[in-house]
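There are 4 protein chains.
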Amino acid sequence: MEIRKIGIILNGVTGRMGTNQHLIRSIKAIIDQGGIRIGDDLVLMPDPILTGRNENKLRALAERTGITNVSTDLAAALADPRYPIFFDASLTLLRAGFVERAVKAGKAIYCEKPTAVKTADAVALAKLCEDAGLKNGVVQDKLWLPGLRKFRMIHEQGFFGDILSVRGEFGYWVFTGHHYDQPAQRPSWNYRDEDGGGIIIDMLCHWRYVIDHCFGKVTGVSCLGATHIPERIDENGQPYACTADDSAYATFQCENGVVCHFNSSWNTRVRRDDLLTMQVDGTKGSALVGLRKCWVQSSAGTPRPVWNPDIDQPIDFFGGWQEVPDHQVYDNAFKIQWEQFIRHVALDEPFPYSLMEGAKGVQLAEAGITSWKERRWVDLEPLR
Amino acid sequence: MEIRKIGIILNGVTGRMGTNQHLIRSIKAIIDQGGIRIGDDLVLMPDPILTGRNENKLRALAERTGITNVSTDLAAALADPRYPIFFDASLTLLRAGFVERAVKAGKAIYCEKPTAVKTADAVALAKLCEDAGLKNGVVQDKLWLPGLRKFRMIHEQGFFGDILSVRGEFGYWVFTGHHYDQPAQRPSWNYRDEDGGGIIIDMLCHWRYVIDHCFGKVTGVSCLGATHIPERIDENGQPYACTADDSAYATFQCENGVVCHFNSSWNTRVRRDDLLTMQVDGTKGSALVGLRKCWVQSSAGTPRPVWNPDIDQPIDFFGGWQEVPDHQVYDNAFKIQWEQFIRHVALDEPFPYSLMEGAKGVQLAEAGITSWKERRWVDLEPLR
Amino acid sequence: MEIRKIGIILNGVTGRMGTNQHLIRSIKAIIDQGGIRIGDDLVLMPDPILTGRNENKLRALAERTGITNVSTDLAAALADPRYPIFFDASLTLLRAGFVERAVKAGKAIYCEKPTAVKTADAVALAKLCEDAGLKNGVVQDKLWLPGLRKFRMIHEQGFFGDILSVRGEFGYWVFTGHHYDQPAQRPSWNYRDEDGGGIIIDMLCHWRYVIDHCFGKVTGVSCLGATHIPERIDENGQPYACTADDSAYATFQCENGVVCHFNSSWNTRVRRDDLLTMQVDGTKGSALVGLRKCWVQSSAGTPRPVWNPDIDQPIDFFGGWQEVPDHQVYDNAFKIQWEQFIRHVALDEPFPYSLMEGAKGVQLAEAGITSWKERRWVDLEPLR
Amino acid sequence: MEIRKIGIILNGVTGRMGTNQHLIRSIKAIIDQGGIRIGDDLVLMPDPILTGRNENKLRALAERTGITNVSTDLAAALADPRYPIFFDASLTLLRAGFVERAVKAGKAIYCEKPTAVKTADAVALAKLCEDAGLKNGVVQDKLWLPGLRKFRMIHEQGFFGDILSVRGEFGYWVFTGHHYDQPAQRPSWNYRDEDGGGIIIDMLCHWRYVIDHCFGKVTGVSCLGATHIPERIDENGQPYACTADDSAYATFQCENGVVCHFNSSWNTRVRRDDLLTMQVDGTKGSALVGLRKCWVQSSAGTPRPVWNPDIDQPIDFFGGWQEVPDHQVYDNAFKIQWEQFIRHVALDEPFPYSLMEGAKGVQLAEAGITSWKERRWVDLEPLR
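Residue numbers (my numbering), protein chains in the order written: chain C, 22 to 405; chain P, 22 to 405; chain G, 22 to 405; chain F, 22 to 405.
The shape of chain C in the complex, shown without the other chains (with noise of 0.2 Å):
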C-alpha cells in the first residue's frame, strides 16, 4: 500500500469558515479517517502547512487543531516543491495577489468564492492559470449538500417532469448588536462596501452554480438590493453606517424557460423548513430543498384547495409533503469537494469547478448589482 503525500499550502484559514470547513472539517477529517483511499493500493494523505501573516493566530489554530506545521513565510511555501497545492481562504479583495504569486510557484490553485469582485478580475485569474496550464477549481460546496444530492438523486429519476420555476429563500436575522446580550453574530466587514461586504456579491455566486447545475443555465437577472439596516454595532462596540446591501430581491432567468425567484436577507425571521430552501415546481411533482433534507409532492397527492377566508383552511399543507429518505451518511460537503480536487491534482480525475466556472459566479454578483443600479434586468454573456 503506497501512502502519497499530497502537499497542501492552506493560506489564510483562521477566519472561521476557513477553520471549520476547510482545515477541521474538510483536511484534519481526511488525514484522521486515514487519507483518501484510491483502490487497493494507493493512499493520498494531505499533508497541510498553514500559512499567513500573524503567528499568534497560527500557533492558536496549530495547537486548536493538531496541524502544527505553520509559517508566516509564504514566499518560501510556495518554493517549496514538497506543496503542490495552494489554497486560498483569506478576504476576496486580497485572493487575487496571493493566486498570482501561487501561479508563478506553478501550484495547482484551489481558492474559496468569490474569487473576485469584478468578472474581468475573475476571468483573468481563471485565464492566468489556465494559460499556465495548472489545475485549478474554486469552491461550491452548496452541491453536495444532502438536501441537494436528494433533489439531483429524484431529478434524474424525471420525478418533476418538467421544472417550472424554483423559489428560493435564504437568509435569518442577523442580529445588530445595538442591544444588552444580543450580539452580532457576522463580522462587520459584512456590512460595508469598502470591505468587499454585501449579500450579493456573497450570495449570487453561489445561486450561480447552484441554478447551472440544478435547474438551468442562467441568461439573465433582474436584482433589487436593500440596505435595510443603516447602522450596526462593530466587534468593538462602536457603531458604524452600512454601506453595503444587506438583502436582495433578484429573479433569474433560464435557458430552458425556469424563472428562479430568489430572496436573499440578513433581516427576516425564519418561518420556513430550514435556513435555505428551495421550492422547485414541476409538472409531475414539487420538491422543498433544504440544507440537508427534501420534502417532496407528487402530482399524485397534489390537493385542490378550495378558498374560503369564512372558515380556517381545512388542509394541512405542510402534511401533504413526504421527506425524501437518508440514502447514506452523508460527508461534509467541503470535504467532498476537497477530496474530489486532490484526485483531480494526484490522479487527473475530472473536476468542473474550475476558477472560470467560480467566474460566472462573480458574472452575476455583478450583473445583479448593475440591475439594481440601472434599475433594468441584465443579460449574461458568455464568458471570454
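Honestly, the hints are just simulated from the structure, not real lab data. Keep in mind that a hint or two might mislead.
If several chains are the same, the list does not tell them apart, and a pair holds so long as it fits within one copy or across any two.
Said to hold, decoys possible - Cut-off 27 Å, straight-line C-alpha distance, at most; resulting in silico cross-link-like pairs (DSSO-like, lysine-lysine):
#, residue 1, residue 2
1, K314, K394
2, K238, K139
3, K163, K314
4, K139, K26
5, K238, K394
6, K49, K26
7, K314, K148
8, K139, K125
Using the hints, position chains P, G and F against chain C.
Just chains P, G and F now, with coordinates in the frame of chain C:
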C-alpha cells in the same frame, strides 16, 4: 324603529364570486341578520334586484337564494328610482359599458375589480363618476380578511418597529385538466389573454391596495410574467392554448423604503401556512400573515441560528412563532365592505375605496405588464 | 503579554456555596480559562489563598480543588501585601469581625450577603470601608442568572411597555428529615433564629437588588413570616425546634408604581417553570423569568379568555408563550461578578455593587421583619 | 307523582351573569331536566317570572330563552302569592332597595354577591331577613366548581396532612380597548369606583367563603389595591378614567395558622393552569386547584431539587403532578346551589349560605380596602 329599504341592482352576479361572495354571503346575509342596525332607531335593509342577460340563470339563482326579484331589463331597473345603488360583477371587459349606463342613470356605483384592463380606462371611469358627483367604490375585500385585520391590529400597536420588507406568496396548483379525474378548478378564460385573463391583471390589483394600506405607498414595480403551462383543457373538454401569464414574479418598492417581493402562481404546490401568505419583517418583530391567521415572532423570541449543514437543524423554525389569537368572530370580508358602502350611500359615512383607488390597482397591473415586456423597472406616476 | 497576579484571600469558603460557587466555579474556573484577558497585552490571574479555622477542612478542600495554598493564620495572610483582596463567605454573624480586620489591613473587601442581620451593622460596615477609602463589593449573583439577563435584554428593547407588576415565587419543599430516606437538604441553622436563620433575612436581601435593578426602586414592604413546620431533624439525626421563619409572604412597592408580590417558601411543592420564577406584566407584554429561561407573551399574542367553568378550558395557557432563545453560552453568575470585581480592583473599572448597596438588602430584610411583627407597611428610608 | 310549582321572581337577570348562569344554565336547565326530583313522589318545578325596568330587554330575553313570563311591574309580582322566592341579580348599589321590598312581601330571599359594598349594610340586610323569619341565601357558586369539589374530596380523605398555606392566583388580561380590533371584554363600570367597580369588592367576597369553607376561618387581611391602567375605552368608544382598583395583592390569615396569599388582577397574562388557581401546600401533599381540574403531588412524589443555575433545570416540575380524575359529570355550580335553595324553601333542608354568610364576604372586602388605605393588617371581628 325605522326600517329603510336600500334598493340595489346586482348586475352580473351569476358567476362564482358574484353569487357566493356578493349575493349569498353579503347581501342575503345582511338581510338575514335583520339589516344594518344604525343606533337604536334605524335599520338599513338591502332590497336587491338581480339583473343579467340570461333569464334562466337568473331564475335558477333566484330559486337557490330566495332573492326572487330578477330582471333581464337592465334599462328599466336603472330607470327605477327605488334602486339608488348599481353594483357590477360582470366580465372586466364589459364593466365600462355597464357603469356608463348606471352613471347616466345617476346611481351610486360599486363594482368588482379590476375596473378595466387599461389604466386610462379605469381612470376615465372613475372621473366619469366624480364629474357626475356620484358616490362610487370598488371591491377591496382582502383588507378585511381576518389575517390582515390581525396584522393591522398589531401593527397599530407598534409591534413591528420599522417595517423593512414583505415577502408575499400567493397561489396553488391549478390542474390542467389533462388527466382522468383531475379537472381544472378555474375557468379557462383566466388563461387566455384575449379574454382578459392573466394572473398579473388579476392579482396586482389586489396587491396595490393591500400594500398601499398596510405597508407603504407603492412607487415602482419590476415584474416578470410567465406562461409555464402552454396548454390546458377547457370547460368542454377541449384543449386550448394558454396565451395569458399564469405566474408573476414581482418586486414592489414603496415610498417609505419597504420592499415587497411577491410571487403569484397557479403552478405551485403549496408548502406554507395558507393560500396567501405575507411575511412582514420589521426591526422589532415579524409576522406571517395568512387569510385568517397570523403568527408573530418578536425580537425577544428571535433565535440565533448557526449555519452547520453537517447536522440536522436543531432549531424548530415554526415553533418559535406565536399565533395571534382571535378577538372576535370575524365577519365575511365582502359583507363588511358592503355594509360600509351602504352606510356611505345612505348616511354619508366616509368610504375611501373609490373607483379612483381601484384605478390604482389597474395602474399597477399595467405597469407590471410593461415591466415584463420592457424588462425594466416601471415607476408609478400619480393618477390624473 | 503581561500576566499580573491578583492575590485573593478566600475566607470561609468551606461551606457549600463558598466551595462550589466562589472557589470552584469562579476563582478556579478563571484560573483554568487562563485568567481574565484584558485586550491584547494583559491577563489578570487570580492567586488565591484559602483561610479558615479548621485545617483539616482546608486541606480536604485543597486536595479536591487543586488550590493548595491554604492557611489557618488569617492574620499573616492579611499582613501579606501580595493579597490585595479579602473575600468573606463565613457565617453572617461572624462577617463583621472578619471584615473589620481586613479593613485595618487595607484590603479591598468583597463578601457574601447578607453582610449583617441588622441594617445599622451593615451600614456601619459599608462606611468603615468607605471611610478607609477601600474598594468594596457584595455578592449579587442573581443579576447574572441567564433568565434575568434575558429579561434585561428584552426590557431594554422596550418589550414590556410600562411594567405594572411582578409576581415572584421562590422555593421548594425542604424535607424535615423525619422520614426514612428523605433527609433534609438544607442545614439546620437555616431554621434557627438564634443562628441567623430565617428565609426573610436570607431572601429579601436578594429581592432588594433584583427589584432595584430590574423593576424599580423599592420604597416599602409588607411582609408576613411564618414558621409552618415547628420541628425538623438536624445533621446529627436529632429533632430541633424551628425558631426561624420558613416562609415569607411579601409585597413590595416601587417608586415607579410597580407592585411586586413575592412568595418565598421552603414548604411548597413546585408546580411552576423553575425554582425561582418572576412573572412580569407590562402594558405591551409579559414575561415569565426563570433561572435560565425566559418566556414571553406580547400584546399581539395575548388571548381573550372566557370564564366558563362548565367546559374544560379551551385555551392552552402555556402554549401561548414563546421562549426567549439563548444568545450565547451563559457563564456562571458568580464568576461574572468575580471578574468584574477583580477588574474593579486592578483596573479601576466601575463596580456598582458596593457594601452600601448590600446594606440595602439587609434594610429590606429588617423592614420585612418589622412589618411582620408590627403588622403594617414599613417604608424604606434612604440609607445613612 | 306530585309536580309542585315553585314560583320564583328573577329580578335583574338581563345582565350577562344573570342571563347565562342564573336563567339559562340554572332555572331553565332545571325546568328542561324535568324539575328537581325528590324521592319517588315529588318534583319541584321552578315557575319563573322575569322582572326588570326595560320591557324591550325583557321581551328579547324571553324570546331568546323561551321563559315568556315577564313583567316590569315588580310590585305586582311581589304581591302575588304564587311566587314565594325573590331572586336579585341587579346592580350591587340597587340590591338593598329590592330586597327590602321583597322582605316586606314575605318572600324567601336569594341574591347575587356582593349583597352590599358596606358591611353594615350587608349585615342590616341579613338581619332584616332574619328578624322577619325569612329564609335567605346568597350565591357562593365557586364552592361547587369541579376543581374545588375535587379538592374537598381529597382533603376529607386526609391527603394534605396539615394544610400550611394556599397561594391563589386569579385573573387575566382585560384589554383596554385602545387598539383596533382588540375591544375590552368587561363592562366599563367594573373600573369605576363611583359605579361600585373594583376588583377588591368583586373578588374578596368570593375568597371569604372559599377560604372559610376549604382552608380555615379568615381572621385578618393585608391588602394592597392598585389601579395599574389609568384609562380605558368604554362601550361607546370613549376614553374614561379608571377610578377603581384593577389589581389586589392580598394576604389572609386563618385561625388555624394557614396563610393564604392571593393575587387578583385584570392586568396579567395567564401562564398557569387556569384562570383561577389555588396551590394548597400541606405536610403530606400539595394540590393545584383549578376551575375544573385538580392536580396533586404527595409526599411520596415530591422531588429533591438542586439549585444549580449553570445547567438547565433537569426536573420537569409539571410532570411530577397527577391529575385527580373525574368522578361524575359535574353539574353547573350555580344550578347546584339553586337546587339546594329551592329544596331549602320547599322542604326545609339546611342551607348554610345565608345572607349573614354573604355579609362576611363584604366584611372581608371592606377590611381589604381599609387595609389598603391605612397600610396595615385589619382583623375581622365576628359579625353582629
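*27 Å Cα threshold - placement of K394 relative to K314*: neither (36 Å within a copy, 38 Å between copies)
*Using 27 Å as the alpha-carbon threshold, which applies to K163 and K314: within, between, both, or neither?*
within (13 Å within a copy, 35 Å between copies)
_K139 and K26: within-copy, between-copy, both or neither at 27 Å Cα_ = neither (36 Å within a copy, 52 Å between copies)
_As a check of your reading, is K238 near K139 (CA-CA no more than 27 Å) within one copy, between copies, both or neither?_
within (20 Å within a copy, 35 Å between copies)
*Tell me, please, which holds for K49 and K26 at an alpha-carbon limit of 27 Å: within, between, both or neither?*
within (14 Å within a copy, 37 Å between copies)
*With 27 Å as the alpha-carbon cut-off, assign the pair K139 and K125 to within, between, both or neither.*
For K139 and K125, the Cα distance is within 27 Å only inside one copy (22 Å; across copies 63 Å).
*Could you figure out if K238 and K394 sit no more than 27 Å apart (CA to CA) within one copy, between two copies, both or neither?*
Result: close both inside a copy and across copies, 24 Å intra and 22 Å inter.
*asked:* At most 27 Å between alpha carbons: which applies to K314 and K148, within, between, both or neither?
replied: Answer is neither: 37 Å inside a copy and 55 Å across each miss the 27 Å cutoff.
Of the numbered hints given earlier, the model fails hints 1, 4 and 7; all others are met.
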